[in-house]
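Sequences listed follow chains X and D, in order.
Each number in our numbering comes from the position in the first sequence (counting from 1) with 1355 added on.
Each number in our numbering comes from the position in the second sequence (counting from 1) with 370 added on.
It is worth saying that the hints were derived from the structure and are not from the lab.
Please note that a few of the clues may not be correct.
When the alpha-carbon atoms are kept at most 30 Å apart in a straight line, the in silico DSS-like pairs for lysine-lysine are as follows [claimed, not checked]:
1. X:LYS1524 - D:LYS613
2. X:LYS1524 - D:LYS447
3. X:LYS1565 - X:LYS1667
4. D:LYS588 - D:LYS447
These numbers were taken from a predicted model, which means no experiment stands behind them.
In case you want the letters, here they are:
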Amino acid sequence: MGNLAQHINPNLFNSDVETAPNRNGYGDGLKEAGEADVRVVALSADLTSSTKTNVFAEAFPQRFVQVGIAEQSMASVAAGMASMGKIPFFASYAAFSPGRNWEQIRTTIAYNGTNVKIIGAHAGVSVGPDGATHQALEDIATMRIIPRMVVIAPCDYHEAKKATLAMAKYVGPAYMRLAREASPTITTPATPFAIGKADVFLKRNVEHGKKVGIISTGIVTYQALVAGKVLNEKGIGASVMHMATIKPLDKEAVLRFAEEHDVLVTVEEHQRAGGLGSAVAEYLSLVRPTRILRLGIDDVFGQSGTPEQLFKEYGIDSQSIINETQKFIG
Amino acid sequence: MLHFDALGQGILAYMHYLSDKEVHELEIQANEIRQSIIEMLVEAGSGHTAGPLGMADIFTLLYFEVLKHNPKDPFWKERDRVVLSNGHICPVLYATMAHAGYFPIEELLTLRKFGTRLQGHPHTEALPGIETSSGPLGSGLSQAVGMALAERIDNPYSSKYFYCLTGDGELDCGQVWEAFMHGGKEKLHNLIVIIDRNGIQIDGYTKDVMPLEPLREKLESFNWDVQEVDGHNIRAMNDAIGKAQAVYGQPSAIIAHTIASKGIDVFERDFRWHGNPPGLGPENYVKKSEQAEVALQKLRTLNGHLQAHDVE
Chain X
1356 MGNLAQHINP NLFNSDVETA PNRNGYGDGL KEAGEADVRV VALSADLTSS
1406 TKTNVFAEAF PQRFVQVGIA EQSMASVAAG MASMGKIPFF ASYAAFSPGR
1456 NWEQIRTTIA YNGTNVKIIG AHAGVSVGPD GATHQALEDI ATMRIIPRMV
1506 VIAPCDYHEA KKATLAMAKY VGPAYMRLAR EASPTITTPA TPFAIGKADV
1556 FLKRNVEHGK KVGIISTGIV TYQALVAGKV LNEKGIGASV MHMATIKPLD
1606 KEAVLRFAEE HDVLVTVEEH QRAGGLGSAV AEYLSLVRPT RILRLGIDDV
1656 FGQSGTPEQL FKEYGIDSQS IINETQKFIG
Chain D
371 MLHFDALGQG ILAYMHYLSD KEVHELEIQA NEIRQSIIEM LVEAGSGHTA
421 GPLGMADIFT LLYFEVLKHN PKDPFWKERD RVVLSNGHIC PVLYATMAHA
471 GYFPIEELLT LRKFGTRLQG HPHTEALPGI ETSSGPLGSG LSQAVGMALA
521 ERIDNPYSSK YFYCLTGDGE LDCGQVWEAF MHGGKEKLHN LIVIIDRNGI
571 QIDGYTKDVM PLEPLREKLE SFNWDVQEVD GHNIRAMNDA IGKAQAVYGQ
621 PSAIIAHTIA SKGIDVFERD FRWHGNPPGL GPENYVKKSE QAEVALQKLR
671 TLNGHLQAHD VE
């Protein structure tokens, strides 16, 4: 099955693995960040509970701003607050923010050099029955392309909480995408987290001849880990590296991972164009041209369904990752 | 008006009625700023003429009378904040700041050139004293709302004022109305928006491109205190800002009726001067090759009213 890293939940592959939405990690992390630093403020555009901003709002009502359904203004209000020394976090669904307010984020936050944190919740197809309008599949690309912007997609509750605390300390604009659904808890409170650091969660069985490196981000890292385990059981040496930070890319880790494996497979709950797979390919094309299978949504919109049905439909569930990887290595 | 003591500490003196002499001095200052605007636009070979000339009186009043600021210490924490939402009129901001002492007047001639601190649209990181980067229209008021909210968290009895300057054309943007609604909801009494109501935008007159009236009633219905003022009457503008500062429990909007390209009669009111510098403007009155010279001559002679024997 390969070797799970020591700092990973040992219960991960059991059927009774604990689950939690990673947006809850944002809610709890934001409250903790607010306790640690009075400069932290939170903004919401009428989605306070579902983005878990309510945890902060209840603890610090005087530092919470309700802007109404106005994502464009929210981005710029946050920029204004940051220019007065605050550390604003603003949250909505990723389909609306950064979906609707890209230019405000580019100009009034990033170009303006303000210390603003952007939270895109309910990202990816896993928002499920709400359908394509609410399934942000472009946000990694549209945020990654903005100069100075940090882009983070945590894999679970604990990592989202740590990422929130890290964002509060980091000075500069940063975007974090979150999911709606409860997902398996992959890491533990002790798992180290740092912005810009990738982490190998599963090491391949070195006795196998074929070597596949799987790189994933967000909650589908769980799908990648299950696939990695099965691939090792099938005699393919598969490792899984989780890239919580898509930008800045952990180039050192990517290069080492490419050197240690014959081919790479990237997995993300996002358009294949412009996301994690693109970031990895862009970098390796220069320093170490590598065959890379990029799994993700292939230039189509999503649709209603359960997260399981949609992961399968778009080829990012564990079984699809296993099948596609086997085909890829021939 | 802010005065500085020997240690360079700012001392706020409250708004006051301007004497005839003070008004006259501000008018002369505004005229000099207009001449700088023409000179920098001509040197740059591109940029906007109508809006900067139209807002010269208001910028002069702000930077030479109203604002609590210190040109020698642009990051002074207690300063009032000026958010220029319609960034394309930055020639008037740059020229006023230079005349107020933020940087040397000669630097105005670097406008829009490679390596300049005077970017084609203002950039906060390029030039101390620029509070926000702007150009894409409609985002300034939201930022000013955010600044006032942040200030209120820290100091509910703050004496800072947050001035947002917007065009009228940019009121077409939906984000502006999100911010007006928000400012009204939050009762941000120290937020003052000054709308340059010159009636023109790139494609034509605002009433044709997208009618805004009844503008006053729209803003009042968003819970703003609204005044309409002649934007070239420095005393009236000063009084209006004084009243806006006194309003409590509401943010204030001042609809400043201005004349596009004010000060150069042969350019005035014509929307075609929105985005062209002298030398590239419409030729109905003046040939392109003579526009720069005529513009400066018009300003220096107050459109021909000032004769040689009037000055020593």
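Hint check:
1. X:LYS1524 - D:LYS613: Distance ~42 Å between X:LYS1524 and D:LYS613 Cα, so the pair is violated.
2. X:LYS1524 - D:LYS447: Holds, at about 22 Å.
3. X:LYS1565 - X:LYS1667: holds (25 Å)
4. D:LYS588 - D:LYS447: violated (34 Å)
Of the numbered hints listed earlier, those contradicted by the structure are 1, 4.
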